[in-house]
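Trainee: Please work from the sequences and hints to get the whole structure.
Reminder that position 122 of the sequence shown reads as 122 in UniProt numbering, one-by-one numbering, no gaps.
Check the hints yourself; a few may be wrong.
Calculated pairs, DSSO-like style, for lysine-lysine (alpha carbon to alpha carbon, straight line, at most 27 Å) [said to hold, decoys possible]: (1) LYS127 with LYS153; (2) LYS153 with LYS168; (3) LYS120 with LYS168; (4) LYS120 with LYS187; (5) LYS174 with LYS27; (6) LYS168 with LYS209; (7) LYS187 with LYS27; (8) LYS127 with LYS168; (9) LYS41 with LYS209; (10) LYS187 with LYS174; (11) LYS27 with LYS41; (12) LYS27 with LYS168; (13) LYS187 with LYS168; (14) LYS153 with LYS209; (15) LYS153 with LYS174.
Note that these hints are calculated values from the structure, not bench results.
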Amino acid sequence: SAYQHVVDKEPTVTRLDEEMGDGDCGKVLLAGATAVRDALKSGSLYLGDDLGMTLHQIAGLVEDAMGGTSGVIYCIFLDALAQGVGSAVAETAGNSSTEDGTGRAIADSAVEIWSSALPKALDTLYKYTTARPGHRTLIDALAPFVETFVETKGDVARAVQMADQGAKATTHMKPKRGRAVYTGSTKQIEDAGAAGLCAVLHGILEGLKSN
1 SAYQHVVDKE PTVTRLDEEM GDGDCGKVLL AGATAVRDAL KSGSLYLGDD
51 LGMTLHQIAG LVEDAMGGTS GVIYCIFLDA LAQGVGSAVA ETAGNSSTED
101 GTGRAIADSA VEIWSSALPK ALDTLYKYTT ARPGHRTLID ALAPFVETFV
151 ETKGDVARAV QMADQGAKAT THMKPKRGRA VYTGSTKQIE DAGAAGLCAV
201 LHGILEGLKS N
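Mentor: Below you can see the structure in the form of structure tokens.
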């Protein structure tokens, strides 16, 4: 699960952030993941047909549980993603029926919905942060994930692979955003935020494979 991947990765993310930031990135991410996990276990997280509603609720849980810059970024992205999914679902309504019973049209519709919503959510996020690819933040993992998902028409595994590559590339980047800018550290290590996001993405990918 995404939660377990965050649990497993938290010590590494925390260590990376201690080297370059204030050391709370791993704990903040774990707090958000725990809030979502607890809502799932208690049955309070909506899991009906309205995916946009589920994402809105997750955004609220993340906002309440997470602090720091990364918490704000996750909340903005998830809330914008919820809106994008809702709009895309409305646009594709009536086009998800299948003629041969294979589910192919349903699968195509889902890819269409996510391919519309993800870039819109990223564009919305860019309105609230000046961080861009190359600035050594979690955007270096998020942007290639979104772009690859759209380009490959829904290949989540490939998108996660590109997010991993984006995160690893931060090792050689000079910090341009976040606390790392002010610490003056020249250590060549992976950005904690990007590494944390990849943990979440790997958990989502694992969940998709098991379903």
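Trainee: Hint by hint, note whether the structure agrees.
Mentor: Right, here's what the structure says about each hint:
1. LYS127 with LYS153: 26 Å, holds
2. LYS153 with LYS168: 24 Å, holds
3. LYS120 with LYS168: It holds: about 25 Å lies between the C-alpha atoms, which stays within 27 Å.
4. LYS120 with LYS187: 34 Å, violated
5. LYS174 with LYS27: OK: LYS174 and LYS27 at ~24 Å, within 27 Å.
6. LYS168 with LYS209: 24 Å, holds
7. LYS187 with LYS27: Within the cut-off at roughly 22 Å; holds.
8. LYS127 with LYS168: 25 Å, holds
9. LYS41 with LYS209: OK: LYS41 and LYS209 at ~21 Å, within 27 Å.
10. LYS187 with LYS174: OK: LYS187 and LYS174 at ~9 Å, within 27 Å.
11. LYS27 with LYS41: 20 Å, holds
12. LYS27 with LYS168: Measuring from Cα to Cα gives roughly 21 Å; hence the hint holds.
13. LYS187 with LYS168: 14 Å, holds
14. LYS153 with LYS209: 17 Å, holds
15. LYS153 with LYS174: Violated, at roughly 32 Å.
Figure legend: structure checked against the earlier numbered hints; hints not met, in rising order: 4 and 15.
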